[in-house]
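> Since chain Z is already given, all that's left is putting chains D, Y and B on it; use the hints.
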Amino acid sequence: MELILAVVSGTLFAASFYLLLRRNLLRFVIGIIILGNAVNLLIFTMGRLTREVPPVIPYGQKVIEGAYANPLPQALILTAIVISFGLLAFTLVLVYRNYTVSRTIDADRLTASEPEQDVDLHTQKKRLPA
Amino acid sequence: MIRSLILQIATRLLVPILLLFSIFMLLRGHNLPGGGFVGGLVAASAFVLYSLAVGVDGARRVLRLAPRTLLGTGLACSVGAGILSLATGASFLQSLWVKVPLPGLSDPLKLGSTLIFDIGVMFVVVGTVLLMVFSVEDRVPGLIDD
Amino acid sequence: MLLAVLSVFAAAAVAPLVVRLSRKAAGWILATVPLGAFVFFIRQAGHVTHDGPLRESTPWFPAYDLPLTFYLDGLSLLFALLVTGIGTLIVVYAGGYLKHSDELGRFYVQLLSFMGAMLGLVLADNAIVFFIFFELTSLTSYLLIGFYHNEEDSRQAARKALVVTGAGGLALMAGLILLYQVTGTWEFSEMLAMGDTVVQSPLYVGIFILVCAGAFTKSAQFPFHFWLPAAMAGPTPVSAYLHSATMVKAGVFILARMHPVLGGTELWTTTLVAFGGFTMLMTAWLALRYTDLKQILAYTTTMVLGLLTMLLGVGTEEAIAAMVTFTLVHALYKGALFMLAGNIDHETGTRDLKELGGLRSAMPITMIGGLAAALSMSGIPPFFGFIGKEITYEAALHAGGWSTLILGASVLANAALVASGLLVGLKPFIGEIKGAFTREPHEAPLSMYLGPCVLGGLGLAIGLYPAFVDHSLLQSAQAGILQEPHELHLALWHGVNPALIASLITFAIGFAIYYGWERLQKSAVMGGFGRALGDAPGDGFERLLYELGRSSHTITRAFQTGQFRRYLLLIFTGTIVMVGGALLFEANLSWPSELGEVRYYEAALAGLVVLSALAAVRANDRFVAILALSIGGYSVALLYLLFGAPDLAMTQFSVETLTLILLVIVLIHLPNIDGYEPITSRVRDAVVAVGVGAIVTTVAFAALSFPLDRSVSEFMMQNSYTEAQGSNIVNVILVDFRGLDTMGEIIVLTMAALGVFVLMRMRRIRLPEILGTRLHSDDEPIRVDGDGETVPAGAEAGGAADQNGAEVHPDEPAGAEEAAPDDQSTS
Amino acid sequence: MKVLLVLPVLIPAVTGILTLLLRRSRFAQRALSVLGAVALLGASSAVLWTVQTNGIQVAQMGNWAAPFGITLVADSFSAGLITISAFVAVAVAVYALRGMDVEREFFGFHTLFHLLMMGINGAFITGDLFNMYVWFEVLLIASFVLLVLGNEEKQLEGAVKYVGINLVASVSFLTAIGLLYGFTGSLNFADIATSMGNIQEAGLEATIAALFLVGFGIKAGLFPLYFWLPASYHTPPAPVAAIFAGLLTKVGVYSLIRIFTLLFPDPTGYTKTLLLVVAGATMVIGVLGALTERNVNRLLAFLVISAMGYVVMGLGFFTTLGLAGAVFYIFQDIPVKASLFLIGGVMERETGTTEVGKMGGLYMHRPLLALSFIVPAFSLAGFPPFPGFWGKLTLVQAGLATENYLIVAIALLVGVLTLLVVAQVWARAFWSPAREEGLVSTDSPLQRSVLQAPIVVIGVALLAVGLYAQPLFDLAQQAADNLTNTAPYIQAVLG
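Residue numbers (the working numbering), protein chains in the order written: chain Z, 1 to 130; chain D, 1 to 146; chain Y, 1 to 827; chain B, 1 to 495.
Next comes chain Z alone, as it looks inside the complex (with noise of 0.2 Å):
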């Protein structure tokens, strides 16, 4: 199963980074979504598979007897995803904001913070201006 989840997770990767290069910003914003889930699915892979036994000692036992789930991985992704959920909703606001502003959510149409003239060359003199 562990393999079939590692495939899971690559082609959650590639569906993510496909629409993270899509013009529409909200298309990336989703990209960033799926990644998420991408790499947490891929964490808890790689911590490997236990069927149904959670992590949670039994009442009134010091200790799990047996195959248990591993906790660690669990711990990270769910730090992680909390982090994410945070780094999403800014991302999510920022585009709007965005959009109230340049009133563009087109990827390919956020260039006024670097515009095409920013070159300082005298092109009559042909001289680097001192």
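These are computed hints drawn from the structure, not numbers from a lab.
A couple of the hints might just be wrong.
Here are the simulated DSBU-like pairs of lysine-lysine, each with C-alpha atoms no more than 35 Å apart in a straight line [unchecked claim]: (1) K358(B) / K126(Z); (2) K24(Y) / K354(Y); (3) K522(Y) / K24(Y); (4) K2(B) / K110(D); (5) K354(Y) / K126(Z); (6) K110(D) / K62(Z); (7) K62(Z) / K272(B); (8) K99(D) / K62(Z); (9) K358(B) / K99(Y); (10) K125(Z) / K354(Y); (11) K522(Y) / K354(Y); (12) K99(D) / K358(B); (13) K522(Y) / K427(Y); (14) K99(D) / K110(D); (15) K24(Y) / K434(Y); (16) K126(Z) / K522(Y); (17) K354(Y) / K99(Y); (18) K125(Z) / K24(Y); (19) K125(Z) / K358(B); (20) K434(Y) / K99(Y); (21) K354(Y) / K427(Y); (22) K354(Y) / K434(Y).
All values reported here derive from a predicted model rather than from experimental measurement.
Leaving out everything else, chains D, Y and B in the frame of chain Z:
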């Protein structure tokens, strides 16, 4: 704000239940699935629901604490739990435990600094969700004309 | 010696104060420092010439094996005396020359820093210390050349000098480091004995080329000769000091220093003689093109630098004798002549020969000093220059295979020098007053004629009595270069010998040029020659910079297009190349041997995750995309649940829901996600995306082929209940084992929330306000209430303020800042 | 030791929280901000001093022995970095007293600034891979918000690019962590280092190393991953830009060095070549970008990139000397870059423009500023007696010693071009005459000195280091020793 009588009545019922449930989730987290994060989300959803029913201003009034104060308090709890350990000579974030024997129960109640930590997490989650939702719902007028 | 160097720097530090206290006497006061150093070196001279080199070492940078070592042998003594001696006169001179400048204080800082650097350079024994001072001279001379910084030409000239010498400096640095690798020492004095080792090392050619690059750029050898005449844009004291007596000689100095280490090979001789000789001949004649006194002097300076380089290349006993002699000769007369040019410029307002003439009565003292120097330059007996020329010819005659060529070139070059000397030192004073000067010509003040007179007088004195320097100073300098003592004897009269005949020929040609100068100048040959070798390199350099600028712009623009997607595409492609390359070229992948147990509902769920992702990719409607996204997210949550991660499932589920809500709230206000994109870009992106996915999967497969070491998790399980008092191991990890992660996590959440708050609530602060020069603000004034809502002041209804509506910053409310006086715009 | 090592993270955290809670008082915020920065400097210096006297310091969070909990580790490299960062933080905090406006302060500048410092310090002293990821996210989100603070169109747009690309970097880092966990089952640096042998396949190591290179390379602004940097660094106000330029890329390159030396100590030829190619391309592309750039802050942003190329080159040699050069270069580049961006801010205020060509008159009218500019600028160009020279000298020496002549030639050429760039800024903004209206700033002399004091202090410090580089170079050399000989590090962590 959604003007709906059903929603308003439902909200009045649901909000206390949700808040209680969130505390339950927080407390059981150490031994069973749950914890500060989930608890915080439940509590936050209670206030979000309330804000949908009576508006952001109303929710803010009920909340009493500004979301940013919640954030600061939550962080202060969590970091404070760590500092508490340091102050007692233990390592940073080392858990400290006090066993309180309760009458009528065989097991003593174990209170740990991790609980303070988890409460901090819960506060931060509530503050985060509310600050986000309030900001988005109640944004600067005229940001966009749609 | 350290003290001498430091005292000059100290003088630089206090210079502005001195100028502020006494503008008139500042030059005289500050000159005492180099004078003191000069006296100090004079007093060392006896020791050096008789008992051999002095070496002193102060610990400085032990981690780099780098003490502050100074080494005073004949060579450095000669240069140290020039630096401090002429430096004294220049400091005095500058006080007069720049009397009215607002920036006299800064000028002295730069000049004295330069002097300290130059002194350190010639004294340094440690290659790194030497290099530091070497670069420091480049930096300070940059500032000095650009002294008239309001003029674009000055700035351009300074840039030219800085870039050329800076580039050479870096080459020199590499050369010195290689030298260190070969010799294992940074100390010159220790390297001097290791010439054989160095020459036989495979790195020799590299070292030689790099050191030459440093020396040739600094000493303005062809093809780098163009920066020096341009540097005449600096004030005259600078030209007199840096560009005649000191800095430009640093290149020659390092070649001389390196002579025992790198010299003596075919490569050394050929290169130095060829470049030096060509520079000498070319620039000597180029000097005749100009009517500007400083330009003439500048080109004759490069001529001498070429000559010195050539003599070092020849490297015989006579050649080195000639080299040290001419160094002194040149420093004496060139310093004086620059000061002369400065005096004329200063007192008449011009230094153009076409406008100058008949100044003998107006400026008699300047004329005497200047003329003495000029005659020395022209090599007319009994001046010191004559001896210098004679000994040069003598060296040329004994130069072995190159002899004839060198002699011929020297005669031709010296002939031009004769003419130049007369042009500069004689022509302005004789004849009639030609044009209307912008100022009434009058004699310069004492501070300004002192220099030319002292230096000119010295030229005459040493010419008459060469024994004053030959056995002591020059001989030990020669010994410093050759590392073996030789007898050096100078005399005015050697009898009739080939050198004298060559001198006579030189005079004949030189006088002829002088009289035919105006015709020569206008001739087409001279014009073409001048354009090709005089103007073209400098123009070419500027053109190079321009083209560099243009191409750099083109290259930058090719990458930094401003297009977000292109950035991402390049990054992803780069990722595939870098990571994929490692996989492709390096890895021997192992594959997991078996698939393991797969249950149908798990596979179905996995399929659902993939399908929903693909649906999100394909969706043309934002809400369809969100729906697909949520289905995928919830499916992942279910997967977590199936594999024993209830906490994860719960969190994933709630976060997914929260995300959904946020997406819906925001997306309502945004346009849809449809939009056509050409199939080519879609295919290209798909290829990149699949590439990334494939890499991740491949590495994951490789990882899965190993058994996982679960000892960390095992420890956590063992201790979760017993030590950390919790049964839910995941939660115990979060709040205890890895509590720091969680702390970071909630801080991230906090700031994300603050970020959303900022984005949604903060008004747009327009650019001029960022600059702190608030020109105008077209936003309405704002008021900040309890939770930071920014409410346009006009829009607020009277009763709307809630209990939190107090002003946040009573001391400085946000809305009031525009009224604060310090923020008022100047426009 | 339990306390001391936590302080570099704890102090900014507490300061950040307090400024958040006391947001209603501008005075309290400012006082706390400066005090917090000063306290941070004190604590960091104490850490540095302890490391210098007692060797590598380790603190186990929650008292869980490594590798089971999270370990904080301070060796000379980390301790040096946090101390220098704190120094810059103090300078920025003081500068911000005048360089920040009331609205940005109200909206959380101080909080974000200190939490950013927390993330930076955390990344510097953590000994745990996933914890490092968390600190990365802390500093990332802090930088996101600081970047948009002001909501100017350029800021938002630059932020979209910055955020987008850095999210990819985080994910790439996290992916690498996940995969490495899959191989080794551990997250602790030292523990992973001991079990890297499990992989038994140099090629796979190289692959994971390349994956880390992507994640950190984006953060560090390396070619071909740097595009976000010139797109965004010129948009925020000077204090923010200064802290970004001084510290953020350094975190990326620090992590790169830490991971590569500790986890991949025996790189394959591919990895070495890859690093050197990346380094060369980075330094070239950076300086070319700066060469004709009009906007002073963007120009400086390109120079940030170029400097990173030098550092990675030092790593790419994989020798102690190369690492010493790289570490020293980082050490001195932090204050240099911060100072330059602060100066850039003053230049803007004084001339009312960001365009270098339209500035002028600063040399005449602001000699102190001009003097303070020369130090970091020519340090950047590698001129003695400024500290950049020592960094460059060591790197060139390391390159020549390993016979990597091509990259050294490129580095030297880039040095010349940097010199040209610096001279251009100097000549045009400082030397050339002021425009007709003169300088436009309305700052009073006191306000001006608030802005200039941190710049001057950094300048003096840089000059002092340039003239007496021994202590800092010693530290860099110790750090390089620790990086090449990892046994003491592993020993200190795992006990």
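> Checked against the structure, which of the hints given earlier come out wrong?
3, 7, 12, 18
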